[in-house]
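Hey, can you work out the whole structure from these sequences and the hints?
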Amino acid sequence: MMVLNMVLVVKLSKPGFDVKTCQDKDLIFSSERNMLKTKMVGNTTGSVAHGLAYTPIYFAMNKISSTKFGIIGQNYFSGIPYTDASNFVSNGGGANESKYYIFYQSGA
Amino acid sequence: MTTVFKLAKAGKSVGSTNPEDFIFHSEYASVKIVQQNEDEEYDTATVPASSYVDVTITHNLGFIPMVMLYTEPTPSSGRWYMGCAYYTPATEDTYVTADGDYTYVDDTYFKFRIYNNTSSQKIVKYYFYIFGDSAE
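Chains Z and A, in that order, are what the protein sequence lines are. By the count of the numbering used here, the first sequence reaches residue 108 at its end, each step adding exactly one. By the count of the numbering used here, the second sequence reaches residue 1136 at its end, each step adding exactly one.
There's no promise every hint is true.
[Stated by the list, open to error] Restricting the straight-line Cα-Cα distance to at most 20 Å, the calculated cross-link-like pairs of lysine to any residue (SDA-like) are:
no., chain 1, residue 1, chain 2, residue 2
1, A, Lys1125, A, Leu1061
2, A, Lys1111, A, Gly1132
3, A, Lys1125, A, Thr1044
4, Z, Lys11, A, Phe1024
5, A, Lys1006, A, Ile1023
6, Z, Lys14, A, Val1034
7, Z, Lys68, A, Leu1061
8, A, Lys1006, Z, Phe29
9, A, Lys1012, Z, Met35
10, Z, Lys37, Z, Leu27
11, Z, Lys68, A, Phe1024
12, Z, Lys11, A, Gly1062
13, Z, Lys39, A, Asn1018
14, Z, Lys39, A, Ser1026
15, Z, Lys68, A, Tyr1086
16, Z, Lys37, Z, Tyr82
17, A, Lys1111, Z, Ser66
18, Z, Lys37, A, Asp1021
19, A, Lys1009, Z, Ile28
20, A, Lys1032, A, Gly1062
21, A, Lys1032, Z, Ser66
[Stated by the list, open to error] The calculated label-pair distances, taken between Cβ atoms and stated as ranges, are:
no., chain 1, residue 1, chain 2, residue 2, range
22, A, Ser1030, Z, Ser86, 37 to 47 Å
23, A, Phe1063, Z, Met6, 35 to 45 Å
24, A, Gly1078, Z, Thr67, 29 to 39 Å
25, Z, Met6, A, Pro1089, 42 to 52 Å
26, Z, Asp18, A, Ala1010, 22 to 32 Å
27, Z, Leu36, A, Glu1041, 23 to 33 Å
28, A, Tyr1042, Z, Ile57, 19 to 29 Å
29, Z, Ile57, A, Phe1005, 17 to 27 Å
30, Z, Gly46, A, Ser1120, 40 to 50 Å
31, A, Ala1049, Z, Leu12, 28 to 38 Å
32, A, Gly1078, Z, Ala49, 36 to 46 Å
33, Z, Tyr54, A, Asp1054, 22 to 32 Å
[To be verified] Now the stretches of chain Z that chain A is said to cover, found in silico as 3 or more residues with beta-carbon under 8 Å:
no., segment
34, 37-49
35, 63-75
Quick caveat, the hints were computed from the structure, so don't treat them as lab data. Glycine residues also receive a C-beta, built at the ideal position from the N, C-alpha and C atoms.
Written out as structure tokens, the structure is:
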């Protein structure tokens, strides 16, 4: 009996690139590269339990007005959003709101 | 019938219920870039001496998207920063202000302001990434 030990790789390249020869940066998807998977998204003015057993990585954007938000990493108000092993914390003292994106990926 | 597309990490079972065991899982969204610099090459902003420049990028998404910005505040330094600040880092010539009057995202535009604290014009390179998600 012969047993083949094969590794199946799935790749999708960007238009104009040969999926067999292009660099990873020119791929839309590769099964050889882990992707960020979203645990939860939302808006909060306080703390949100993320339910993960570690401190996850996240994107956060602070609210500037009813029609405007800051960009990722723009610490617009004095309290800077953060995560710990239990929560995402907008740290806004009740009035400051953040959009958050929390991923299944340890950041600590 | 719901079709699920999953790719497990090496050594993990595709039948796992732990999302961390997967490279990709269609039941857990991944962030998608809907707009970035044309041809994925950096753009530049010319900042006059001891002054500033405002940069406007139109996205027309109709919602406030998540946005990431990288700049090289000192031309040709090779040092790139994510986001913005309220001051110029000690070693840099320029900075993107965190002042929400000038750097912000709304449902149509992404705008940012670069200040130049030197006495000569600076050409600042930047990359931006607009994600197709509103976090709502």
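Hint-by-hint comparison with the structure:
1. A/Lys1125 x A/Leu1061: Violated. A/Lys1125 to A/Leu1061 sits at ~25 Å, over the 20 Å cutoff.
2. A/Lys1111 x A/Gly1132: holds (17 Å)
3. A/Lys1125 x A/Thr1044: It holds: about 4 Å lies between the C-alpha atoms, which stays within 20 Å.
4. Z/Lys11 x A/Phe1024: holds (12 Å)
5. A/Lys1006 x A/Ile1023: The hint holds at about 8 Å.
6. Z/Lys14 x A/Val1034: holds (14 Å)
7. Z/Lys68 x A/Leu1061: holds (14 Å)
8. A/Lys1006 x Z/Phe29: holds (13 Å)
9. A/Lys1012 x Z/Met35: holds (15 Å)
10. Z/Lys37 x Z/Leu27: holds (18 Å)
11. Z/Lys68 x A/Phe1024: Violated, at roughly 32 Å.
12. Z/Lys11 x A/Gly1062: Violated, at roughly 32 Å.
13. Z/Lys39 x A/Asn1018: holds (11 Å)
14. Z/Lys39 x A/Ser1026: Distance ~13 Å between Z/Lys39 and A/Ser1026 Cα, so the pair holds.
15. Z/Lys68 x A/Tyr1086: At roughly 18 Å apart (the allowed maximum being 20 Å), A/Tyr1086 and Z/Lys68 satisfy the hint.
16. Z/Lys37 x Z/Tyr82: Satisfied, since the Cα-Cα distance of roughly 19 Å is no more than 20 Å.
17. A/Lys1111 x Z/Ser66: holds (16 Å)
18. Z/Lys37 x A/Asp1021: holds (11 Å)
19. A/Lys1009 x Z/Ile28: Status holds; Cα separation ~18 Å.
20. A/Lys1032 x A/Gly1062: holds (16 Å)
21. A/Lys1032 x Z/Ser66: The given pair, whose Cα atoms are some 25 Å apart, is violated under the 20 Å limit.
22. A/Ser1030 x Z/Ser86: 37 to 47 Å: violated (24 Å)
23. A/Phe1063 x Z/Met6: 35 to 45 Å: Taking Cβ atoms as reference, A/Phe1063 and Z/Met6 lie about 44 Å apart, which means the hint holds.
24. A/Gly1078 x Z/Thr67: 29 to 39 Å: holds (37 Å)
25. Z/Met6 x A/Pro1089: 42 to 52 Å: holds (50 Å)
26. Z/Asp18 x A/Ala1010: 22 to 32 Å: Holds: the Cβ-Cβ distance is about 25 Å, inside 22 to 32 Å.
27. Z/Leu36 x A/Glu1041: 23 to 33 Å: holds (24 Å)
28. A/Tyr1042 x Z/Ile57: 19 to 29 Å: holds (25 Å)
29. Z/Ile57 x A/Phe1005: 17 to 27 Å: Distance hint for Z/Ile57, A/Phe1005 holds at roughly 24 Å.
30. Z/Gly46 x A/Ser1120: 40 to 50 Å: At 46 Å between Cβs, range holds.
31. A/Ala1049 x Z/Leu12: 28 to 38 Å: violated (46 Å)
32. A/Gly1078 x Z/Ala49: 36 to 46 Å: Given about 40 Å between the Cβ atoms, the range holds.
33. Z/Tyr54 x A/Asp1054: 22 to 32 Å: 40 Å Cβ-Cβ, so the 22 to 32 Å window is violated.
34. 37-49: Contact hint for the segment 37-49 of chain Z vs chain A: holds, 6 residues under 8 Å.
35. 63-75: holds (count 11)
In summary, the numbered hints that this structure violates are 1, 11, 12, 21, 22, 31 and 33.
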